[in-house]
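With the sequences and hints as input, model every part of the structure.
Residue strings, one per chain:
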Amino acid sequence: LSTEHTFETKPSLMHRAETEPSATVSLTRDDALKLYRRMQTIRRMETAAGNLYKEKAIRGFCHLYSGQEANCVGMKAALIEGDSVITAYRCHGWTYEMGAAPKEVLAELTGKVSGCARGKGGSMHMYAPNFYGGNGIVGAQCPMGAGIALAHKYNKTGNVCLTLYGDGAANQGQLFEAMNMAALWDLPVIFICENNHYGMGTAVSRSSHNTDYYTRGDLIQGIKVDGMDVLAVREATRWAAEQCRNGNGPVVMETETYRYSGHSMSDPGTSYRTRAEIQEVRQNRDPITSFRDKILGADLVTADELKEMDTEIRKEIDDAVHAAKTDPEIGMEHLSYDIYSDDLGHNMVRGVSPFVQLPHKVTGQAVNRK
Amino acid sequence: LSTEHTFETKPSLMHRAETEPSATVSLTRDDALKLYRRMQTIRRMETAAGNLYKEKAIRGFCHLYSGQEANCVGMKAALIEGDSVITAYRCHGWTYEMGAAPKEVLAELTGKVSGCARGKGGSMHMYAPNFYGGNGIVGAQCPMGAGIALAHKYNKTGNVCLTLYGDGAANQGQLFEAMNMAALWDLPVIFICENNHYGMGTAVSRSSHNTDYYTRGDLIQGIKVDGMDVLAVREATRWAAEQCRNGNGPVVMETETYRYSGHSMSDPGTSYRTRAEIQEVRQNRDPITSFRDKILGADLVTADELKEMDTEIRKEIDDAVHAAKTDPEIGMEHLSYDIYSDDLGHNMVRGVSPFVQLPHKVTGQAVNRK
Amino acid sequence: AQVTVRDALNGAMDEEMARDERVFLLGEEVAQYDGAYKVSRGLWKKYGDKRVMDTPITESGFAGIAVGAAFAGLRPICEFMTFNFSMQAIDQVINSAAKTFYMSAGLMNVPIVFRGPNGAAAGVAAQHSQCFASWYSSCPGLKVVSPYSSEDARGLLKASIRDPDPVVFLENELMYGTPFEVKDEMLQDRDFVLPLGKAKIERPGKHVTLVAFSRPVGICLEAADLLAAEGIECEVVNLRTVRPLDIDTVLQSVTKTHHCLTVEQGWPQCGIGSEIAARIMESPAFYELDYPVTRLCGADLPMPYAKSLEDASLPTAGDVAAAVKKALNVS
Amino acid sequence: AQVTVRDALNGAMDEEMARDERVFLLGEEVAQYDGAYKVSRGLWKKYGDKRVMDTPITESGFAGIAVGAAFAGLRPICEFMTFNFSMQAIDQVINSAAKTFYMSAGLMNVPIVFRGPNGAAAGVAAQHSQCFASWYSSCPGLKVVSPYSSEDARGLLKASIRDPDPVVFLENELMYGTPFEVKDEMLQDRDFVLPLGKAKIERPGKHVTLVAFSRPVGICLEAADLLAAEGIECEVVNLRTVRPLDIDTVLQSVTKTHHCLTVEQGWPQCGIGSEIAARIMESPAFYELDYPVTRLCGADLPMPYAKSLEDASLPTAGDVAAAVKKALNVS
Ligand SMILES: Cc1ncc(C[n+]2csc(CCOP(=O)(O)OP(=O)(O)O)c2C)c(N)n1
Ligand SMILES: Cc1ncc(C[n+]2csc(CCOP(=O)(O)OP(=O)(O)O)c2C)c(N)n1
Ligand SMILES: [Mg+2]
Ligand SMILES: [Mg+2]
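Residue numbers (the numbering used here), protein chains in the order written: chain V, -13 to 356; chain F, -13 to 356; chain S, 569 to 899; chain U, 569 to 899.
Check each hint, because a few of them may be wrong.
[What the hints assert, rightly or not] Here are the computed lysine-lysine pairs in the DSS-like style, where the Cα-Cα straight-line distance is at most 25 Å:
| hint | chain 1 | residue 1 | chain 2 | residue 2 |
| --- | --- | --- | --- | --- |
| 1 | S | Lys613 | F | Lys142 |
| 2 | U | Lys766 | V | Lys356 |
| 3 | F | Lys301 | F | Lys311 |
| 4 | U | Lys618 | V | Lys142 |
| 5 | S | Lys875 | V | Lys347 |
| 6 | S | Lys768 | F | Lys356 |
| 7 | U | Lys614 | V | Lys142 |
| 8 | F | Lys20 | F | Lys(-4) |
| 9 | F | Lys347 | U | Lys618 |
| 10 | V | Lys40 | S | Lys824 |
| 11 | S | Lys824 | F | Lys142 |
| 12 | F | Lys356 | S | Lys618 |
| 13 | V | Lys311 | V | Lys40 |
| 14 | S | Lys618 | V | Lys42 |
| 15 | U | Lys613 | V | Lys142 |
| 16 | S | Lys824 | S | Lys875 |
Derived by calculation from the structure, the hints in this document are not laboratory data.
Below is the structure:
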């Protein structure tokens, strides 16, 4: 087995940039195992989520990340301590990448106390250290990400904030407002459009007069990367983060990717695209299969190792599913807790009638209280 | 005297456009007189408005157009029957151009019944046929203008909608949203940024990471024209309107212009720019003086004619001022009228207490009722 | 015939589009996808790109476009995928649509309907569960409609589309699939319109008045059933429109029953219930009350995701029945 | 000493910025122009670009940036030039700022202040005169503050900036230049904070309770003067905070005076007055009322520009006095 290998990735497309990431990427055996494990864990976790939804253990929305794993895994691999991330509702993979266990993700989906928001947030509202959600309103996270980057700059942390949005969200006015201010103020933010070709049932050509999302920051430098190649994503993110850390932020980054499932579980996802299209991507561009082939071909790992890892992952997810199903919901008293970050005392929260007055107290960390 | 003359204008700057307006512009004697009269009338009207404000006959905001006259006059001269216009609160000149008499503008400013909104709208809310205001919320008129253009397309009128906004408003997200849809749907709208270099006290370089506003429609073709030259403006608008009428809309147009007064009358307008800067523009680029020189130099008009015209205009404005001061406000009964376009009858509108229940009826035209 | 609320809304739009060439529908996924909740099913096929327009996810932009089109004489139906997203566009709804007729002293009326599901659905958590009835209803220049049944949906939506002024039309996702019996003559009548600003007595009764709109009307009817078994007769007032609010119907009922409860899913503070309580107080009917007006509302907190908490956040028929008994002092 | 509301607000921000490095101010024209209404005068000179930031006219963007910064531990003061423009950003205020602490089950609190002038000014017509007190006050997760005097302005703004949760701070343009006597010890105390959620009795009285916030407190005091001349003693309650609403102080007063009027400049429907009426009804104090709660509010119409109409759109001291007499049945 080799301990390191160098791969050629598809060169990124650049916009108004003076430098560019190298298309030649080197990968250690350790990283190969790690990236594979993480992508595979997300895939299994999402498959489990889909099944839980079908069993009606998950309610409401459930937006799966399957097909897009190389994005969060590649990006996270490029981050350093203290870097932060914010995304939209398609957040399960990111929540895991930023530190939550699969069980915490799945239990949040089933609304259980062991979920990462103790079941109060649900599918779209998950948090982890330096991970600011999980946000349900299309586009809202874009200026918020710029604001997190502002805090980095303000505190001179040298960190960056990855701010993710979809191709549909890419048309939101507040994104342009945020980009303009980020550019005026040199904020260390990478605006990342995960272009999975559809916003709900609308293909990019019907939502965006310019579908080259990496050019839509106007004078902001942009980069488009193959979002199905975890190594290319890692390299592009490193480059973009470096721009920001050097004071050359912001950056707009587009990843070319694909979602296998419908928009949310209730969408079969086949009325606005053909099954053949999905099949084609799965067969030829799947981020996990292609990465597996790559690292096997380069003798970085053995098939047995991966098989064993798959078994471990399956076990971990099975356990997580079990917990997500059997763990309890949070206690009813929490209905009226954690609305404000001060204890307010008794009878402070009105229930459904004037006869129901509930107590309020803080049970969470309230990280910004001090 | 000649009946027609050909002038060279400063060539416009173009963005992603395949054609461009000719820099050589021909002007008839009649048009020379008309354009001069209209610009001069607006100048005098605005001066009168400023004085009325200082006399406290005008309350609240009062945004003068002085310095920018070549914009509305040049653009209007390029329009055909049925074309429509929408702008922001700096709307006095436009209201006049679209058909209101100076008296109707000034009386609206003083809140009198003879005002074009009978004193109910005030400085920022004036209307005229095909003129959709006078809108007080920065940016809001931008998608509305695209919507008016949508109606033109829907009804196959062959008309265009001019949608005006300032350099400050140019950063509003809803403008980008509107541009995107206008481009997707080929709407016959000209988005026009009147770049007067400041949004309130903020210079363009502090509000906009890209100050080439004519390029900010991304793939939409753009044109930048000298907004102090009424002929260049007319020509550029003709070109842009032609694009739209040929189905090649939308267009983004920037005019380079200047406002002489403060943002609104309460702003002295001298803390964020020097008096010398204002003086320089007044002396070297004033749209009226320069046009006057041009048409005199070309023997299209005589100095005496212009002088006589100036006297007429002064008289007209003096009369308008008199009316604006002495006309009555609308009757108190109108407090509760014209909230909805159906008569609702007695006791339908609550006054300031439960003991005051007012009648409702419709006294306006309600142009879209049928 | 049995008609779901979805089909009633769909039919209303279809008929009004057929009737008036100026009526068109725009919004996210309304065309090729048939609507996120399938309310516009079939309309794009039937009327084509011109009349049924998919928009990008840009609420402020497309709402503004819709308002502009209405200024210029068209009759847009602007769908918000849910009203939660209308917050991105609320400036256009209030400042551009609602206020212009008055600002123009009666010159420029703005015939537009903003419609979509409002309030809580199931398991969609805090950002997707807000009720906007009280906010919109506070604004003069708007009419604010919120149907309960399929009859309501049909008659009120047709009336709203024909209305010359801006109408905010608040539907409920969980009602879309609910079938209601609608009289055949109502279905066949292409001019079946219900007056905006008139409430409907859904069920007459003499002991207590229950006032609600949208889905809570069903909750009140359910509570009325429960209570009927105990000999308590509820009069259920379906407001149908929350602006103008048909307070007369409420007052008449209260004058008869001497007891009033309001039921809504929105938050309590400054809610529709608050307004009804205040209006009753300001009227002679106040002196007819034997017990103060009781408001049942969504709990005063962001909507939690977990099912048990979610359930406890909204008033149930049981809650209503218990509050009625308290008001009537029976146990 | 005599201090204007403007200077009180300015001093509060200045001191809190000096006290806590994380506090910064952003908004349109707040820096180099010293604020559109000069509330931030001198702060940019003193604290520089980092701590006082001029933004483009992009409310939704900069409010979102402010919320993001608060997520990440800063303490932004986000100025809306007026709250009318907050409608462009209201989704960020409600969905991003107010709901996140609950959605995250108490993990992520959002320490941010949104402030600026609210409600009617003079001669600025319909789009620039809206009162947002009732809308914001309806939303759990927010605190909503609205000062009247310079003491209020100082103590409440300092408290709001120190508060760990999102605060909407509603000022009034027409009050900025009004001087009030403020005790020297309050001015000198750099930790002078007033509790959010506590009302203040501005004037004690025994015949009738007048409840108001912001500028209408002054109108009530004026009315109280008028009425005192006739032997009628008004108790004037300055709410100071409309969420949480200090209903206890109102109820205590009403229990004493047996009469209650609310005065606000916002529209009547689902207003703060409606809420107070409803809450009184739901409390034992209700039985102490000798006359129904009377709401004085802005007239139910978009604000007209013409002075005579504008004047008639807002309750005056005379209107309040007349309504009090009606309630007390004196002439
Ligand atoms: C403001 C707003 N409008 C509409 C929605 C409903 N909605 C949720 S996701 C979505 C599609 C987003 O597509 P895209 O940005 O491409 O992200 P993807 O789902 O592909 O990851 C829509 C319309 C919303 N949540 N917020
Ligand atoms: C949404 C919104 N935010 C803020 C304001 C306050 N405001 C009115 S005009 C203005 C400056 C606009 O500048 P610009 O667009 O350049 O137009 P100009 O005044 O130069 O014509 C501002 C900030 C407003 N009316 N609406
Ligand atoms: Mg997408
Ligand atoms: Mg400007």
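Agreement of Lys766 (chain U) and Lys356 (chain V) with the hint, judged by alpha carbon distance not exceeding 25 Å = 23 Å, holds
Compare the distance between the alpha carbons of Lys618 (chain S) and Lys42 (chain V) with 25 Å, and conclude whether the hinted pair is satisfied.
-> 39 Å, violated
Between Lys824 (chain S) and Lys142 (chain F), does the CA-CA distance stay at or below 25 Å?
-> With Cα atoms ~57 Å apart, Lys824 (chain S) and Lys142 (chain F) exceed 25 Å; violated.
Mind checking the alpha carbons of Lys40 (chain V) and Lys824 (chain S) for me, to see if they're no more than 25 Å apart?
-> 50 Å, violated
Given hint Lys356 (chain F) paired with Lys768 (chain S) - CA-CA distance at most 25 Å | Violated, at roughly 28 Å.
If you draw a straight line from the CA of Lys618 (chain U) to the CA of Lys142 (chain V), is it 25 Å or shorter?
-> 12 Å, holds
Are the Cα atoms of Lys347 (chain F) and Lys618 (chain U) separated by 25 Å or less?
-> Given pair Lys347 (chain F), Lys618 (chain U) is violated - Cα atoms ~54 Å apart, limit 25 Å.
Taking only the CA atoms, is the gap from Lys613 (chain U) to Lys142 (chain V) under or equal to 25 Å?
-> Since the Cα atoms of Lys613 (chain U) and Lys142 (chain V) sit roughly 22 Å apart, the hinted pair holds (cutoff 25 Å).
Quick one, are Lys875 (chain S) and Lys347 (chain V) close enough, alpha carbons at most 25 Å?
-> 21 Å, holds
For the pair supplied as a hint, Lys614 (chain U) and Lys142 (chain V), confirm whether the alpha-carbon distance does not exceed 25 Å.
-> Judged against 25 Å, a Cα distance of about 21 Å means the pair holds.
Assess, step by step, whether the Cα of Lys20 (chain F) is no farther than 25 Å from the Cα of Lys(-4) (chain F), and give holds or violated.
-> 22 Å, holds
Would you mind confirming whether the straight-line C-alpha gap from Lys301 (chain F) to Lys311 (chain F) stays at or under 25 Å?
-> This hinted pair holds, its Cα atoms lying about 15 Å apart.
When each numbered hint is compared with the structure, violations occur for hints 6, 9, 10, 11, 14 and 16.
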